[in-house]
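Protein chains in written order, with our numbering: chain A, 1 to 358; chain B, 1 to 358; chain C, 1 to 358; chain D, 1 to 358.
Take these hints with a grain of salt, some might be off.
Because identical chains share one entry, a pair is satisfied inside a single copy or across any pair of copies.
[Said to hold, decoys possible] Restricting the straight-line Cα-Cα distance to at most 25 angstroms, the calculated cross-link-like pairs of lysine-lysine (PhoX-like) are:
id	residue 1	residue 2
1	Lys243	Lys26
2	Lys337	Lys347
3	Lys263	Lys139
4	Lys347	Lys357
5	Lys347	Lys243
6	Lys319	Lys28
7	Lys347	Lys319
8	Lys139	Lys321
9	Lys319	Lys259
10	Lys28	Lys330
11	Lys347	Lys330
12	Lys28	Lys321
13	Lys243	Lys28
14	Lys330	Lys319
15	Lys319	Lys243
16	Lys139	Lys319
17	Lys357	Lys321
18	Lys357	Lys243
19	Lys330	Lys167
These are calculated hints, taken from the structure and not from any lab test.
Protein chains: 4
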Amino acid sequence: MALTTSPPGGGISYSRITMADHMDGKAKIRPVYTGICGTDRAEIAGHLPFAYNPTGQNYMVIGHEAVCQVIDIGENNSRIRPGDYVIPIVRRRGTCINCRIGRQDNCSDADNDITEAGIRGADGFNSEYFFDSPENLIKVNDSSMVMLSTLTEPAKNVMKAFEIFNKLSARSIFESEDSTYTSKNCLIIGTGSEAFLYAFMAREYGMTVYLTNRHRLLEEKMRIIEGIHCLFYNYLEENGPDKIDLLIDTSGDPAAVMKFVGKLNYNGIAILFGTNGAAPDSQLTGNDLNYIIEHNIAVSGSVDGSKKHYMDAIGYLEKWKYSSSGIINKLITGIYKPEDTEIFRAKPPEEIKSIIKW
Amino acid sequence: MALTTSPPGGGISYSRITMADHMDGKAKIRPVYTGICGTDRAEIAGHLPFAYNPTGQNYMVIGHEAVCQVIDIGENNSRIRPGDYVIPIVRRRGTCINCRIGRQDNCSDADNDITEAGIRGADGFNSEYFFDSPENLIKVNDSSMVMLSTLTEPAKNVMKAFEIFNKLSARSIFESEDSTYTSKNCLIIGTGSEAFLYAFMAREYGMTVYLTNRHRLLEEKMRIIEGIHCLFYNYLEENGPDKIDLLIDTSGDPAAVMKFVGKLNYNGIAILFGTNGAAPDSQLTGNDLNYIIEHNIAVSGSVDGSKKHYMDAIGYLEKWKYSSSGIINKLITGIYKPEDTEIFRAKPPEEIKSIIKW
Amino acid sequence: MALTTSPPGGGISYSRITMADHMDGKAKIRPVYTGICGTDRAEIAGHLPFAYNPTGQNYMVIGHEAVCQVIDIGENNSRIRPGDYVIPIVRRRGTCINCRIGRQDNCSDADNDITEAGIRGADGFNSEYFFDSPENLIKVNDSSMVMLSTLTEPAKNVMKAFEIFNKLSARSIFESEDSTYTSKNCLIIGTGSEAFLYAFMAREYGMTVYLTNRHRLLEEKMRIIEGIHCLFYNYLEENGPDKIDLLIDTSGDPAAVMKFVGKLNYNGIAILFGTNGAAPDSQLTGNDLNYIIEHNIAVSGSVDGSKKHYMDAIGYLEKWKYSSSGIINKLITGIYKPEDTEIFRAKPPEEIKSIIKW
Amino acid sequence: MALTTSPPGGGISYSRITMADHMDGKAKIRPVYTGICGTDRAEIAGHLPFAYNPTGQNYMVIGHEAVCQVIDIGENNSRIRPGDYVIPIVRRRGTCINCRIGRQDNCSDADNDITEAGIRGADGFNSEYFFDSPENLIKVNDSSMVMLSTLTEPAKNVMKAFEIFNKLSARSIFESEDSTYTSKNCLIIGTGSEAFLYAFMAREYGMTVYLTNRHRLLEEKMRIIEGIHCLFYNYLEENGPDKIDLLIDTSGDPAAVMKFVGKLNYNGIAILFGTNGAAPDSQLTGNDLNYIIEHNIAVSGSVDGSKKHYMDAIGYLEKWKYSSSGIINKLITGIYKPEDTEIFRAKPPEEIKSIIKW
């Protein structure tokens with residue numbers, strides 16, 4: 001049984017599919033939990049024009065966020081064994097110069113060179129069991145981390161984004177005069193699961209972290225934000241910090257991005273992460289360009305992450321499990337069954353991350 | 001005698017001013033050539049709101065591009081001697097963390113921390129003679145370089161911009177698989193003096209270099225572009241390269257910037273340099289953000305340059321003098337006298353760089 | 001009461017000293033735990049020629065590893081409050097270009113520009129109470145971390161060393177073709193407290209980690225090494241890994257360093273950290289130089305760390321407390337009273353870190 | 001006709017060899033000038049144990065420094081044409097992670113993965129004509145540069161070494177507080193051709209440059225050193241600078257290296273480049289390690305260079321041709337014929353670079 005869609009048209013079905021029955025040097029694995037994200041919903045709604053079925057299939061197993069258990073891995077794999085928990089990676093290496101060094105997140109020809117499980121030309125992870133090459137599996141060492149590890153895939157994006165932040169901030173002295181980031185402001189646009197994971201990471205740097213959105217938050221999200229010592233404001237009603245050093249956008253909304261780029265400090269950095277097909281257009285003015293120039297501002301898109309970032313993500317999730325007194329667990333707001341396909345169609349109010357228990 | 005204006009109102013006058021008559025540890029220097037740039041003209045036209053007179057003066061000597069000769073430098077300066085040619089720097093150090101390490105081009109508080117000769121709160125260089133601290137003077141070692149050194153100030157901006165390019169390109173493998181940039185395309189928007197200097201530098205990297213504008217070029221500029229093995233096209237009439245790896249904007253025009261950001265390759269980089277108060281607004285769409293994200297594109301403003309960049313600029317100008325068979329000299333399209341104040345009001349057709357011989 | 005010595009002569013005394021009785025904008029703090037390290041013992045034994053008393057004192061309070069509690073911090077400090085736990089930093093900023101940006105660990109003139117608490121010209125932390133500027137105090141947010149935080153000072157050295165590793169490894173592609181460090185070998189020479197902290201950190205990178213020494217280890221250390229999934233071998237009796245990617249020396253022994261530099265892989269990195277006044281000389285041959293050159297090997301010393309590294313150290317200690325199932329606590333092998341001055345004279349067999357409870 | 005040797009035994013012969021007679025997609029090229037270096041002489045003397053003949057040959061054409069002219073390049077090569085001057089590269093790509101991105105100079109498995117023309121398993125360039133893939137050829141654009149381009153191969157080593165310097169100096173603020181290197185001292189051990197090329201490059205950074213050796217220099221070398229504004233001293237007789245910021249060794253002599261590492265400033269950098277099989281052993285002491293650690297010193301080997309560095313080398317040689325008023329030409333101290341095989345056996349007194357005119 002598997003959850004399938006058929007891009008670019010969309011749809012969702014929980015049904016029996018034809019499964020491979022031999023391993024070909026691969027590992028046989030079964031999902032334990034899978035996460036649901038905006039990309040899945042966009043695909044199902046038929047709003048993801050770049051998604052396409054695997055060659056020779058008229059459907060695609062959906063889902064690229066998963067923690068799985070190894071059923072069988074054949075002989076002679078010293079690193080991973082049956083029973084181990086693993087995270088399968090989304091994007092699979094092509095042959096471009098960046099893929100060659102294991103950085104398919106930086107693929108120089110992503111339109112042609114790579115596939116992405118559950119998105120572009122490769123089956124995803126919502127399937128009773130499936131086969132994958134050991135090189136695509138990241139081991140979860142701590143078995144108490146199984147459910148939380150469902151957040152590894154979204155968290156690996158955060159790791160990649162902060163790698164970019166580290167590179168961009170090397171343009172000048174970004175840190176304060178005590179060598180730390182404690183007097184720096186990070187503003188995160190959006191209050192979804194990625195926004196929260198960005199907030200956790202910006203707190204690791206010691207920054208003062210603001211989340212913002214154009215509406216108020218219900219109680220539960222506010223409690224998480226307070227619990228991790230961050231701040232929230234509704235930017236339609238309130239003024240946030242005067243100056244921002246690091247801006248992270250998870251909204252994909254051009255108007256919000258430009259509003260806050262205009263509050264970046266000298267040598268400030270904006271990381272664009274969120275995409276939103278439905279966002280209305282905004283203005284880009286000569287003054288915007290002038291502001292970016294005079295302030296030595298850098299803006300960078302960040303997509304995906306490499307195996308390195310998956311490993312870092314697991315490490316930080318493990319840390320946050322303890323350091324946040326369990327608040328990190330509250331990011332998982334609902335656990336569903338595979339047959340609850342409605343969860344792919346409608347986002348529950350105040351969802352942070354919905355997951356499926358297989 | 002000096003050329004003065006009075007920002008933010010503007011105006012231009014060639015008249016006698018009160019000169020300091022003692023050195024206070026400074027060097028006494030006289031301009032040999034000064035360059036005229038868009039900032040000067042904007043100031044005179046009253047279009048530079050952030051410009052302001054030096055404290056206690058109701059005027060400001062204009063001009064921040066100059067090559068000067070040292071008249072007197074007092075005792076015990078081992079590095080610079082009377083008769084030497086020097087370039088005075090524009091921006092003067094404040095106390096912020098970046099100024100402290102000599103990187104006032106990255107000043108963390110440029111609204112308050114620094115002054116800029118001929119622009120913000122400090123006299124410029126169009127004055128019969130003036131006094132400046134040795135630490136603000138860059139020596140020109142090769143006396144055959146005097147006139148060409150007038151381009152040092154604009155060229156130092158190019159050096160800083162490529163420093164940023166080097167940092168941003170470290171996000172991934174940017175070079176081709178032979179370790180060089182020879183298969184990379186650089187597109188430069190604009191065909192003024194800065195655009196040409198950017199073109200020289202991109203050629204140093206071995207890139208294929210395109211300049212573009214929304215009109216055709218007269219013969220003389222076309223000959224320079226061909227002479228340095230670059231290409232030009234009028235983007236309103238012709239299609240340029242399909243994909244760009246490095247985009248440099250000297251136009252300050254949001255529509256042009258967004259048009260070409262949309263042609264950046266994976267891991268592409270855009271350097272914003274040109275400002276233009278009069279540029280019409282353009283659109284920024286959700287698709288634009290999506291494109292930047294999916295392609296791991298980085299966009300960075302770049303302003304000013306440090307002493308390091310002035311020194312590099314002199315070195316490259318010297319190199320280009322020889323390697324371009326003298327074509328670099330053609331960037332200086334007109335030599336005027338200080339009393340020709342009209343040159344500050346109207347840009348001659350096909351001007352690249354107009355200079356004043358003192 | 002305080003533990004004092006008088007360098008360069010040495011000695012140790014637990015006795016009453018004259019205490020300042022006003023705060024002068026400083027915080028009044030008391031040590032909760034202090035750590036004892038080789039530097040302290042060398043000082044007391046009169047083997048640290050560069051140590052010297054604070055100006056105007058004929059003694060120096062010893063000790064630079066401490067976790068303290070704030071007794072009083074005056075008004076208006078929003079960041080630190082009475083009752084908070086803090087780590088005081090060792091090295092205090094001078095005026096050189098690196099100190100100016102809060103990187104006194106990279107002081108360009110450490111002979112003259114800085115002081116070091118308990119080592120060079122400034123009192124250390126083994127004193128009933130003392131006064132320190134808030135800028136020298138790093139807050140420990142998690143009160144369950146108090147005792148373990150005594151390791152912050154030694155761990156901050158590890159953070160700085162890995163910062164250097166990150167810079168040096170940017171000379172080439174150091175990671176494996178899956179973007180991770182999982183197929184890389186790290187060898188650590190030595191089995192003292194710093195060696196163990198380096199091992200924890202190298203495991204964070206996912207490397208295979210070997211510790212080595214020229215003797216066997218007793219049971220307790222072996223259990224820790226196994227517990228954190230590292231390996232140990234006695235290099236006088238056994239062969240370790242054929243090739244090393246990252247070598248970290250905590251021994252200060254030239255013969256051991258050169259033995260293992262000769263096993264570094266192409267693009268390998270050696271971090272020198274340990275010093276040892278009594279180590280016998282070794283050889284440096286033309287073949288050694290040739291090996292370093294042909295293999296593009298980089299060797300770097302690493303001393304001290306900045307506030308940034310103290311903060312990172314606290315973060316990682318907190319992580320390791322949980323991820324190692326408490327094994328990190330076993331690094332603290334003995335708790336003493338201030339009057340147990342003998343602990344400064346003789347290192348107990350199998351000591352990893354001895355601390356004093358105040 | 002070709003100059004051949006047979007490593008590891010050695011010998012030199014100018015004789016007829018069997019030449020390939022078809023191109024196989026390669027370019028047919030003929031050497032115009034070839035350079036002779038210490039590696040050639042060591043090979044001929046039988047002192048290069050790692051050199052070996054190409055597979056299936058009992059000889060190897062010697063020589064890896066050459067400027068050549070293209071005789072035929074087949075069809076459809078847009079970049080290089082018959083008549084063009086080109087530099088063939090020495091080291092040919094393997095399949096390791098660094099070779100894959102065109103950085104065979106950083107080959108992760110150089111014992112097995114790469115070949116080197118005229119050194120390891122591949123014919124060199126002292127052959128009437130030969131065939132090479134276009135990807136191994138670097139074009140010389142300026143035909144007045146032909147003879148001087150013989151220095152491209154040695155100069156590319158300098159470019160790679162300064163790339164490493166740039167990476168290592170990012171550990172701290174290395175520049176002076178005016179952002180430049182003008183107050184930094186560079187000391188170069190040795191006075192051969194590589195030493196001179198390093199001196200030219202260190203002058204590009206604006207450093208004060210010292211060359212040193214353990215004997216006096218004859219007139220001609222002294223004139224070159226003065227001409228490029230460097231300083232020389234015999235370190236057996238005179239004291240050089242108190243403190244060094246950048247040390248470059250071209251001698252391969254451990255005693256000289258350690259003598260001057262001990263004079264490195266805080267955050268100082270040593271680049272090891274020269275190898276010398278006959279150098280006597282020296283001491284490495286605990287104090288040496290301590291000095292390296294306390295001063296945050298980094299030492300790195302540097303071997304070979306990539307295509308990027310060959311291109312940079314040509315650019316700088318072109319620059320130096322003009323900026324040094326022709327002094328760069330004096331580095332070529334003798335021009336020989338292929339039949340003058342004696343020049344491979346004995347180094348003329350005061351040789352800097354001997355070349356062969358084909």
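Now the hints, each set against the structure:
no. : hint               : verdict
1   : Lys243 with Lys26  : neither (51 angstroms within a copy, 29 angstroms between copies)
2   : Lys337 with Lys347 : within (15 angstroms within a copy, 60 angstroms between copies)
3   : Lys263 with Lys139 : neither (41 angstroms within a copy, 29 angstroms between copies)
4   : Lys347 with Lys357 : within (17 angstroms within a copy, 54 angstroms between copies)
5   : Lys347 with Lys243 : neither (33 angstroms within a copy, 38 angstroms between copies)
6   : Lys319 with Lys28  : neither (29 angstroms within a copy, 32 angstroms between copies)
7   : Lys347 with Lys319 : neither (29 angstroms within a copy, 34 angstroms between copies)
8   : Lys139 with Lys321 : both (18 angstroms within a copy, 21 angstroms between copies)
9   : Lys319 with Lys259 : neither (34 angstroms within a copy, 37 angstroms between copies)
10  : Lys28 with Lys330  : neither (31 angstroms within a copy, 39 angstroms between copies)
11  : Lys347 with Lys330 : within (17 angstroms within a copy, 47 angstroms between copies)
12  : Lys28 with Lys321  : neither (29 angstroms within a copy, 34 angstroms between copies)
13  : Lys243 with Lys28  : neither (51 angstroms within a copy, 33 angstroms between copies)
14  : Lys330 with Lys319 : both (15 angstroms within a copy, 20 angstroms between copies)
15  : Lys319 with Lys243 : neither (30 angstroms within a copy, 32 angstroms between copies)
16  : Lys139 with Lys319 : both (16 angstroms within a copy, 18 angstroms between copies)
17  : Lys357 with Lys321 : within (20 angstroms within a copy, 30 angstroms between copies)
18  : Lys357 with Lys243 : neither (43 angstroms within a copy, 44 angstroms between copies)
19  : Lys330 with Lys167 : neither (32 angstroms within a copy, 37 angstroms between copies)
Checked against the numbered hints above, the structure violates hints 1, 3, 5, 6, 7, 9, 10, 12, 13, 15, 18, 19; every other hint is satisfied.
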